[in-house]
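Trainee: One letter stands for each residue in the lines below.
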Amino acid sequence: MRWRFTRNLGIFLFWKAIKMASLLVAISFLSFLLVKQSPIDPIQAYVGADMLNVSPEQRERIEEYWGLNEPIMEQFWSWGSAILSGDLGTSMIYRLPVSEVIGERFINSIALMSTAWVLSGIIGFSMGVLAAMKKDTWIDRIIKWYCYTLASTPTFWMGLLLLIVFAVWLNWFPVGMGVPAGVLAEDVNIMDRIKHLILPALTLSIIGVANIALHTRQKLIEVLSSDYVVFARARGEKGFTLFWRHGLRNIALPAITLQFAAFSELFGGAVLAEQVFSYPGLGQATVEAGLRGDVPLLLGLVLFSAIFVFVGNLIADIIYRVVDPRTRKEQSYAAK
Amino acid sequence: MQLSKQLNLNKRQSTLLACIVLSIIVCAVVLTGFLYDEDRIASNLEVRNAAPSFDHFFGTDWLGRDMFSRTIMGLSLSIGVGLVGAIGSASISIILGVIAATMGKVADSIVTWLIDLFLSVPHLVSLILIAFAFGGGFKGIVFGIALTHWPSLARVIRSEVMQVRSLDFVQVSRKMGKSRWWIAKEHIMPHIVPQIIVGILLLFPHAILHEAAVTFLGLGLSPHEPAIGIILSESMRYLSVGMWWLAFFPGICLLIIVRMFDKIGDNLRMLIDPHHAHR
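Chains as they are written, first to last, in the working numbering: chain A, 1 to 336; chain B, 1001 to 1279.
Hints in this document: simulated from the structure, not taken from any laboratory.
Cβ coordinates follow ideal geometry from the N, Cα and C atoms, glycine included.
One or more hints might be untrue.
[To be verified] Pairs of lysine to any residue residues, derived as SDA-like cross-links and limited to a Cα-Cα distance of at most 25 angstroms, are as follows:
#	chain 1	residue 1	chain 2	residue 2
1	B	Lys1105	A	Ala21
2	B	Lys1263	A	Leu33
3	A	Lys195	B	Lys1263
4	B	Lys1105	B	Arg1012
5	B	Lys1263	A	Glu265
6	A	Lys19	A	Ala111
7	B	Lys1139	A	Leu33
8	B	Lys1139	A	Lys19
9	B	Lys1105	B	Leu1017
[Claimed, not checked] Here are the simulated distance ranges between beta carbons:
#	chain 1	residue 1	chain 2	residue 2	range
10	B	Cys1027	A	Gly236	40 to 48 angstroms
11	A	Lys134	B	Trp1182	38 to 46 angstroms
12	A	Trp145	B	Ile1110	29 to 37 angstroms
13	A	Arg245	B	Pro1194	40 to 48 angstroms
[Said to hold, decoys possible] Quick look at which bits of chain B chain A covers, simulated, 3 or more residues with Cβ under 8 angstroms:
#	region
14	1113-1120
15	1129-1142
16	1213-1223
17	1246-1258
Just chain A, same shape as in the assembly (with noise of 0.2 angstroms):
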């Protein structure tokens, strides 16, 4: 049974990485694509406002450098092939190579996203927990009231206003930027970092909670109408002790694997919320590389979320298939 178990979880995993492999060419080639589609245009993106300054054959030879005047299927083959011997061009604005950047920019994003991703995880499955046991009371109906409205909410807006109460009526943190200005890169310590991260995590916790509240009330609503629960019930068990013989179990894996699931959401909500913040994330990154036209750090940025995203799905895929033990029964059927 066991090594029955392991092989599935092989052949299951090979399967996942030729997907993979398959959607990240497919987005690669369309993301390329479209870059090549825009019309913004690239020698003035670099050069920037020096462009007054370059004349026709000195363009002609940048474009010649760059391969700009070649077939797009050559120039994607070209850029193709260099990613991946692991080379992802260099970045226009940073002037740096992109791997760099993107890896950088990656753990100050890491810190805000694990942050927002831990606290909303907790706070919503705590909130659907609690309407749950408190099915059509006062509580449950703001809890419900509460989700839907926030998942009506524009992600920035709530960040607006968190820099309105906190930053500026109160003057508690910081308005922007993930360091002091005017201080040195390394003289800034561990608490400056923190609290420029708190606003940024807040907005995106409070945003986040909606999902994972409404699916975790939903899934333990169902749990608390099953007959060991009438029967537990019947027994004289009730309140915490129910849920925490009965409910949690049945609840904690898929509030997790939704948690992992939701990793695109993260991401988007990351982008708006480190631009309303300014702070120095992927999502920044992103938003920058889309307006100053840094063609090679929108790509990598691209490839990157999409590995992203797939990671989280991946593990939530995995969890499921470990942990839980009647997918672990019915693969053996069905293994594919």
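Given the coordinates of chain A, work out where chain B should sit on it, guided by the hints.
Mentor: Below, chain B without anything else, positioned relative to chain A:
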């Protein structure tokens, strides 16, 4: 909710009521938005930076423009963009969903793969990419919304069509020699049309929110348009001097519109779902 309890309405009636109220509001907003000319938001330097008052419900900005008029115009623009985007997105999902469900296994796996493809990059990132590809502006945003929002509805339509096709009465009418077109028109369409309408209604709030988000980031509509995203991103510069009304009111109006569409879409979905319809 409270109101519907007092009037003793059931879900069907309260949804109808909400629909009527919403459509009146939306029509009013869109009409006034189009009827307002530029004069309404002309700058009036005498009343710069005024806090909300009876003359200017939402206050004025740093050029003395009336924020209420700007918000209404922004909302009508957002609703327009959202509508076009949602309809475009729904058309893509109808076509692909029906293709996947009717044209055999290969087509099905291709469409499923396409759905995975479009879900694999975060919406906002692909919106930025598409907006970049079209050089920003109205076209970029509408294409972006249409191209990124279809997968969820396509999935619903695919499974719905598949389910209807396997039902007994469809099988029977096929055996009776009815043409494919007749079956599609008489049996399948009545089942999926409500789904599509609800799907568009539920896509719509997302479309508006993403439009506002991309415009806010600076990649959407041009800064000369009075879009909500533009208003909010401009307001950021003035927040630190305490002009909170610049951001608060436009945002909450957007929130209310989006929330109502979401609510009605959800209610309608419950109503057409036989398991919930009796409530």
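Trainee: If a hint holds in the structure, say so; if it does not, say that too.
Mentor: Results for each hint:
With a C-alpha separation of about 22 angstroms, the suggested pairing of Lys1105/B with Ala21/A holds against the 25 angstroms cut-off. For a cut-off of 25 angstroms, the pair hint linking Lys1263/B to Leu33/A is broken: about 39 angstroms separates their Cα positions. A hinted pair counts as satisfied when its Cα atoms are at most 25 angstroms apart, and Lys195/A with Lys1263/B does not qualify at roughly 37 angstroms. The hinted pair formed by Lys1105/B and Arg1012/B fails the criterion: a straight-line CA distance of about 39 angstroms is larger than 25 angstroms.
Taken as a hint, the Lys1263/B and Glu265/A pair is honoured in the structure, with Cα atoms around 21 angstroms apart against an allowance of 25 angstroms. A C-alpha spacing of about 29 angstroms is found between Lys19/A and Ala111/A, which places the hinted pair above 25 angstroms, so the restraint is violated. The straight-line distance between the Cα atoms of Lys1139/B and Leu33/A is roughly 17 angstroms, inside the 25 angstroms bound, and the hint therefore holds. For the proposed pair Lys1139/B and Lys19/A, the alpha carbon gap of about 32 angstroms is over 25 angstroms, so the pair is violated.
Restraint check for Lys1105/B and Leu1017/B: the C-alpha separation of about 44 angstroms exceeds 25 angstroms, so the hint is violated. Take Cys1027/B and Gly236/A: their Cβ atoms lie about 57 angstroms apart, and the range 40 to 48 angstroms is violated. Under the hint 38 to 46 angstroms, the C-beta atoms of Lys134/A and Trp1182/B, about 52 angstroms apart, miss the expected range. Hint check: Trp145/A to Ile1110/B, Cβ distance near 42 angstroms, so the stated range 29 to 37 angstroms is violated.
A hinted range of 40 to 48 angstroms for the beta carbons of Arg245/A and Pro1194/B is consistent with their spacing of about 42 angstroms. Taking a C-beta to C-beta cut-off of 8 angstroms, the region 1113-1120 of chain B contributes 5 residues in contact with chain A, enough for the three needed, and the coverage statement holds. Counting residues of the region 1129-1142 of chain B whose beta carbon lies closer than 8 angstroms to any beta carbon of chain A gives 7, which reaches the threshold of three, so the coverage claim holds. Restraint check on the region 1213-1223 of chain B versus chain A: 5 residues with Cβ-Cβ distances below 8 angstroms, three needed, restraint holds.
Requiring three or more residues with a Cβ within less than 8 angstroms of a Cβ of chain A, the coverage given for the region 1246-1258 of chain B holds, as 6 such residues are present.
Checked against the numbered hints listed earlier, the structure breaks hints 2, 3, 4, 6, 8, 9, 10, 11, 12; every other hint is satisfied.
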